[in-house]
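A.B. asks: In case you want the letters, here they are:
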Amino acid sequence: MHFLRKYQYWILYILFSLLIVFGAHQEWVDAYIQLVIMYIGINIILSSSLNIVNGYMGEFSCGHAGFIAVGAYVTSVLNVWLFASDRIFGPAILGEYWALILFPVTLLAGGLIASLVGLLVAIPSFNTRGDYLAIITLAVNYIVKSAIENMQVIGGARGFMGMRKVVNAMQDVWDIPWMMVFILIFTGLTVWIIWRFVSSTYGKGIIAIREDEVAAEIMSVNTRGMKMTAFMLSSGLAGIAGGLFAHVLGYINPGSFTIMKSTEVMVMVYLGGMGSLSGSVISAVLFTILLELLRPLQVFKWVVIPLMLILLMMFRPEGIMGNREISDFFPQKSKRN
Amino acid sequence: MSFLQINNLTQRFGGLTAVQDFSFDLPRGVLPGLIGPNGAGKTTIFNIVCGFYHPTMGEIRFENKPIVGKRPHKITSLGIARTFQNIRLWSEMSVLDNLCISQHGNLGYGLWDAILRTSKYSAKERDVHQNAMHLLEKLNLQDHAQKRPKNLPYGMQRRVEIARALASHPKLLLLDEPAAGMNSSEVEQLIDLIGWIRKEFDITIWLIEHDMRVVMNVCERIIVLDFGQIIADGPPDAIQNDLKVIKAYLGNIEE
Numbered sequence: 003m004h005f006l007r008k009y010q011y012w013i014l015y016i017l018f019s020l021l022i023v024f025g026a027h028q029e030w031v032d033a034y035i036q037l038v039i040m041y042i043g044i045n046i047i048l049s050s051s052l053n054i055v056n057g058y059m060g061e062f063s064c065g066h067a068g069f070i071a072v073g074a075y076v077t078s079v080l081n082v083w084l085f086a087s088d089r090i091f092g093p094a095i096l097g098e099y100w101a102l103i104l105f106p107v108t109l110l111a112g113g114l115i116a117s118l119v120g121l122l123v124a125i126p127s128f129n130t131r132g133d134y135l136a137i138i139t140l141a142v143n144y145i146v147k148s149a150i151e152n153m154q155v156i157g158g159a160r161g162f163m164g165m166r167k168v169v170n171a172m173q174d175v176w177d178i179p180w181m182m183v184f185i186l187i188f189t190g191l192t193v194w195i196i197w198r199f200v201s202s203t204y205g206k207g208i209i210a211i212r213e214d215e216v217a218a219e220i221m222s223v224n225t226r227g228m229k230m231t232a233f234m235l236s237s238g239l240a241g242i243a244g245g246l247f248a249h250v251l252g253y254i255n256p257g258s259f260t261i262m263k264s265t266e267v268m269v270m271v272y273l274g275g276m277g278s279l280s281g282s283v284i285s286a287v288l289f290t291i292l293l294e295l296l297r298p299l300q301v302f303k304w305v306v307i308p309l310m311l312i313l314l315m316m317f318r319p320e321g322i323m324g325n326r327e328i329s330d331f332f333p334q335k336s337k338r339n
Numbered sequence: 060m061s062f063l064q065i066n067n068l069t070q071r072f073g074g075l076t077a078v079q080d081f082s083f084d085l086p087r088g089v090l091p092g093l094i095g096p097n098g099a100g101k102t103t104i105f106n107i108v109c110g111f112y113h114p115t116m117g118e119i120r121f122e123n124k125p126i127v128g129k130r131p132h133k134i135t136s137l138g139i140a141r142t143f144q145n146i147r148l149w150s151e152m153s154v155l156d157n158l159c160i161s162q163h164g165n166l167g168y169g170l171w172d173a174i175l176r177t178s179k180y181s182a183k184e185r186d187v188h189q190n191a192m193h194l195l196e197k198l199n200l201q202d203h204a205q206k207r208p209k210n211l212p213y214g215m216q217r218r219v220e221i222a223r224a225l226a227s228h229p230k231l232l233l234l235d236e237p238a239a240g241m242n243s244s245e246v247e248q249l250i251d252l253i254g255w256i257r258k259e260f261d262i263t264i265w266l267i268e269h270d271m272r273v274v275m276n277v278c279e280r281i282i283v284l285d286f287g288q289i290i291a292d293g294p295p296d297a298i299q300n301d302l303k304v305i306k307a308y309l310g311n312i313e314e
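From first to last, the protein sequence lines stand for chains C and A. With the numbering used here, you'll find the first sequence wraps up at 339, consecutive numbering, no jumps. With the numbering used here, you'll find the second sequence wraps up at 314, consecutive numbering, no jumps.
Rather than coming from a laboratory, the hints here were simulated on the basis of the structure. Predicted model only: the values in this text are computed from it and were never measured. Incorrect hints may appear among the rest.
What the hints assert, rightly or not - Chain C stretches covered by chain A per the calculated footprint, using a threshold of three residues with CB under 8 Å from any CB of chain A:
| no. | stretch |
| --- | --- |
| 1 | 220 to 231 |
| 2 | 293 to 303 |
To be verified - Partial chain A-side listing against chain C, Cβ under 7 Å, derived:
| no. | residue |
| --- | --- |
| 3 | Gly128 |
| 4 | Pro131 |
| 5 | Leu155 |
| 6 | Cys159 |
| 7 | Gly164 |
| 8 | Leu170 |
| 9 | Trp171 |
| 10 | Thr177 |
| 11 | Asp186 |
| 12 | Val187 |
| 13 | Asn190 |
| 14 | Ser227 |
| 15 | Val304 |
Built from N, CA and C at the ideal position, the CB exists for glycine as well.
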């Protein structure tokens with residue numbers, strides 16, 4: 003019983019995931035719904051990772067798409083080079099089994115490189131704040147996009163493809179919806195990691211930076227260290243989401259990672275509530291579903307959604323959850339320390 | 060071994076000399092007061108000692124270690140904590156969290172411990188919470204542990220800020236105008252509190268204050284600063300009758 007209670011959320015999440023994967027495998031869930039579920043997972047990673055910086059740390063980063071792009075390209079290039087026969091990179095280097103085993107590793111590699119690019123924002127943030135830092139994040143977004151556009155080896159502005167072959171290679175080994183499996187795993191891990199980070203005294207250092215940076219530095223918080231940690235964690239997770247996104251789509255081009263994409267993620271964060279992890283998860287789910295429901299409206303979608311945002315900001319500026327968590331709404335039986 | 064030693068400290072901001080040639084030797088256990096008219100450079104000296112400003116010239120040694128040039132959080136870890144003239148609590152966090160986070164420098168665990176919840180994490184986190192709760196109980200704030208500081212009365216916010224400084228296990232506590240904005244009964248309580256903290260925690264306190272009741276009641280030695288320079292230094296009753304001090308506060312008095 004103790005075991006069950008301790009890991010109740012994990013057990014529920016794993017059961018839920020197994021249900022989805024099994025449903026997808028048996029084709030009870032059609033391909034379109036599967037795709038929407040995968041987008042929801044990716045958007046949860048994106049909004050909750052941006053929430054570390056924009057919500058918990060109180061900075062204004064509007065270049066999240068830059069980090070998504072780095073992760074997407076690094077993971078895709080690695081996978082296509084290693085596991086697929088490609089015009090530029092030649093025949094596959096490793097076999098299908100390796101594709102399956104090394105896919106999470108390439109995702110993590112994408113995340114790692116993205117977190118290093120995150121340093122481009124973290125280091126200026128030591129003595130720049132607010133609007134000025136926002137401009138730097140915007141610049142990093144453009145630097146990444148232009149750099150990719152000018153690298154002809156990986157397709158430049160035309161884009162990069164071949165990831166479908168990697169996914170097919172994985173499915174040749176064992177025919178289950180692998181992308182769904184990996185997205186469910188990494189979504190769960192992301193929420194888990196961020197929750198543990200921001201609920202520890204160590205992670206709460208970034209909330210102290212938001213509340214009063216000078217007081218935080220003078221009262222023993224290593225603000226530079228914490229900013230590096232927060233920016234790298236945030237951009238690293240965005241990179242992982244990028245890798246997953248690239249493999250779901252099978253094709254990426256620099257045009258998918260513009261300021262528009264960054265804005266979309268920001269909308270999810272502010273919709274859910276800054277500094278609320280459950281808010282980010284809820285808003286990612288709602289926003290993705292809303293986008294799909296309004297698809298028949300075509301271009302008018304981009305009139306209706308911003309209008310809804312304006313109304314939300316007018317009548318509930320703190321977002322759906324404010325800075326509370328779902329658990330705050332249930333009376334706690336006993337206090338844990 | 061001297062406790063806190065400041066030699067020839069000078070701080071210039073552009074053309075303005077905020078502190079000039081300030082030298083001061085603070086032995087352990089003595090409670091000095093730093094007073095002076097507005098803009099005399101008192102808070103600047105505190106800001107230099109806690110590492111927020113880097114002085115133009117001069118040297119500060121704390122327990123014989125030079126601290127000029129160190130980052131503020133490092134200096135706090137060495138054992139210097141402070142409160143602020145205008146209260147600077149982290150107002151959207153609980154009082155308990157405020158006290159926990161001020162121990163951030165001595166946490167002793169990092170990101171991976173926090174994510175994996177290692178045994179080191181549990182042990183350290185328990186220590187931090189116990190220390191915070193213990194302090195809140197001692198300062199009679201335990202009923203407010205889960206409240207946000209901004210919802211507390213002003214005098215109590217001051218107490219929380221002092222508790223937050225104490226949570227970082229300081230050897231030297233710098234209080235920047237702790238009585239500012241307090242009513243007279245709160246000032247009485249503050250005077251008792253300062254005396255009690257000295258005994259209870261065995262730490263050295265250095266005080267900036269305008270309220271003469273506090274200064275005359277708690278300080279054993281008074282340094283008077285005017286235009287960044289020391290104009291008088293001595294026991295309270297000598298300072299009260301010092302002509303230069305009277306002149307600095309009231310202007311020239313003609314016979």
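A.B. asks: Under the criterion of a CB-CB separation shorter than 7 Å, is glycine 164 (chain A) in contact with chain C as hinted?
C.D. replies: Glycine 164 (chain A) check passes; min Cβ-Cβ to chain C is 3 Å, inside 7 Å.
A.B. asks: Does the interface hint hold: is serine 227 (chain A) within less than 7 Å of chain C, judged Cβ to Cβ?
C.D. replies: holds, 5 Å
A.B. asks: With chain C as the partner, please determine if glycine 128 (chain A) meets the hint condition of a C-beta pair closer than 7 Å.
C.D. replies: violated, 15 Å
A.B. asks: Does the nearest C-beta of chain C fall within a distance shorter than 7 Å of the C-beta of asparagine 190 (chain A)?
C.D. replies: violated, 11 Å
A.B. asks: Grab the minimum C-beta distance from leucine 170 (chain A) to chain C and call the hint holds if it beats 7 Å, violated otherwise.
C.D. replies: holds, 6 Å
A.B. asks: Is the hint on tryptophan 171 (chain A) kept, meaning its closest Cβ partner in chain C is under 7 Å away?
C.D. replies: Since chain C brings no Cβ nearer than about 10 Å to tryptophan 171 (chain A), farther than 7 Å, the hint is violated.
A.B. asks: For the restraint on valine 187 (chain A), tell me whether the closest CB of chain C is nearer than 7 Å.
C.D. replies: holds, 6 Å
A.B. asks: Mind checking, does the stretch 293 to 303 of chain C have 3 or more residues with a CB under 8 Å from chain A?
C.D. replies: Coverage by chain A is violated for the stretch 293 to 303 of chain C (0 residues, Cβ < 8 Å).
A.B. asks: If you take the shortest Cβ to Cβ gap from aspartate 186 (chain A) to chain C, is it below 7 Å?
C.D. replies: Since the shortest Cβ distance to chain C is 10 Å, the answer is violated.
A.B. asks: Under 7 Å, Cβ to Cβ, is where leucine 155 (chain A) needs to be relative to chain C, so tell me if that hint holds or is violated.
C.D. replies: violated, 10 Å
A.B. asks: For the stretch 220 to 231 of chain C, count the residues whose Cβ lies under 8 Å from any Cβ of chain A; is that count three or more?
C.D. replies: Coverage by chain A holds here, the residue count being 8 at a Cβ distance below 8 Å.
A.B. asks: Report holds or violated for the interface hint on valine 304 (chain A), using the least CB-CB distance to chain C and a cut-off of 7 Å.
C.D. replies: Since chain C brings no Cβ nearer than about 30 Å to valine 304 (chain A), farther than 7 Å, the hint is violated.
Of the numbered hints given earlier, the model fails hints 2, 3, 5, 9, 10, 11, 13, 15; all others are met.
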